[in-house]
Amino acid sequence: MKNKNKTWREVQNMNETKYMNPYLAGFLLGLLLLATIYITGRGLGASGAFKSFIVATVQAIAPSHASNAKFYLEYLNEHPGTSPLMNWLVFEIIGVLIGAFFSGVASNRLNLKLEKGPNATRNARLIGAFLGGLLWGIGSQFGRGCTSGAALTGMAVMSTGGILTMIFIFAGAYAFAYFFRKLWL
Amino acid sequence: MGPFVPDIISANLNYIVALLIGICFGVILEQAGFSSSRKLVGLFYGYDFTVLKVFFTAGIVAMVGVMGLTHFGLLDINLVYINPTFVWSAIIGGIIMGAGFIIGGFCPGTSVCAAAIGKIDAMIFILGALVGVLIFAEGYPLFEPLYKAAYLGNPRIFETLNISQNLFAFLMVSAALIAFYIATLIESKVNKREVVFFKLNRENVLIILSGALLLIFSLWFTDRKADLLNLVSDDNFVKNYPIDEMTPDEFAFRLVCENCERMQIVDFRDKKEYDMWSLPRSIHFTIDNFFEKEPSLLLKSKGTIKVFVANKEITERKAAIIALRLGYKYIKILKGGLEEFNKEILQFEPIAKPQNIDEINLNRFRLQVKDEINRLIKENKPKAPVEKKPKRALGGC
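Going line by line, the protein sequences match chains A and B.
According to the working numbering, the first sequence is numbered sequentially starting from 238.
According to the working numbering, the second sequence is numbered sequentially starting from 40.
A few of these clues could be false.
[What the hints assert, rightly or not] Chain A stretches covered by chain B per the calculated footprint, using a threshold of three residues with CB under 8 Å from any CB of chain B:
#1 274–282
#2 290–303
#3 328–342
#4 360–366
#5 389–395
#6 405–415
No lab work stands behind these hints, which were simulated from the structure alone.
We put the CB at the ideal spot given by N, CA and C, even for glycine.
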């Protein structure tokens, strides 16, 4: 717990030189997204891989349920043929894991730790992380994508739905920020 | 013309592409600092605007890039996945995700990135997200009405707002640049650093130049289709545009001539008329087809003359101008259109008292080809290779 009880300013001063310039990172991410659209006709994503994983798990554990419940049926209808794990986003997310891992190794950030605000308890952070994830799991289904698949890609291809989702992700986070400030400030 | 999936890159190779793209995605996110939840939520408390800067820089670069690729005819936007719009689902999903962002400190992509470098909170987040998807899946009958309400298809934002693509892009880029500036000021203030309104250094000059370039591009990369349709909306311009013409007689001769070099007849009439009767080996085409990957390949065959036909010559001219402007070669039009061709060839009434050898020859030639072509039309079964609905890439969640 090196960063325990350090203010953000102190943490940032420690890390400032380590992270890439945000505009440069954004520019590279933009080019990557553009290349992805140009080559594959689709954008980046993340939550879709989570969905594939759940569908595959339910198919393995409760096959009869998976072949009856509507959600799974609609999924299989949209992605016919192969296993849910033979999915573009699943491969992409595996790539993210590999890429981020080596980036962490290269920048010496590989470290098993729990990151939290200076005044938050360990349990509060763990419960927050779980609940936050849970909300993303539900919300990304409604939004038909998350920050990458709906918001970022939606913005690149100027999709009305994607941009709408993007606006409400950020608006929602600002609206709730005050109530959860103890977790972070 | 892109995209290259599925014709150039097969489904299996696409998985390898996905893996490689994912690796780049992971490296960029991690290097940007997105593996830190405190850095991510900094945006919402004003102490760190990295997310805003990275996200919107990426968004406007990709957006303007897509416009550029489409403008130069390198990308068929009709084959690109455009996220569908379900109004209520998008709004409610967005708000839920926003709450998740503040409570969880990550979004799905960044959580994977953070978990990869050992963040325990990110691993718990992923667990939560999986449970969340499961809850949605199991409660789907309950959520479905909302999930599918207010479906608008796949509109693009400038269509919804009824403004030009360029205006929207320009506003978006401007908004992002202004937001970057204000965010930097707020960041300094919240972190109790000195608030500097402008500092002349290499980094800032580079950022301003890039921003200016994006603004210029956002206006420059117009929608080619809208441009060209606008160009041919002026009838005087269309009438005076130099285009190679083919007379009805030459056209008729080539239709029946077996040893002549091949010509490709491209029919721009309505599909209904085309289905009723069509010339031998002709293909049906629309103005839209020019801008689509698969149909446009039909016009690429080198050397073959393409003769554009339609009822009126002006329609042929418009299509030909668009084709020429798009860089297609060997384009000709049928002089006088099919109306003239019908009158002079298909329904030819021989000159009753031919005055000279030319009229005698004309009578003989036209009577001969008239029967021959009418027979060919009867035998010809219309084929419409461009009818096949191109498949959009499957994307999203």
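Problem - In rising order, the numbers of the hints this structure does not comply with - result: none
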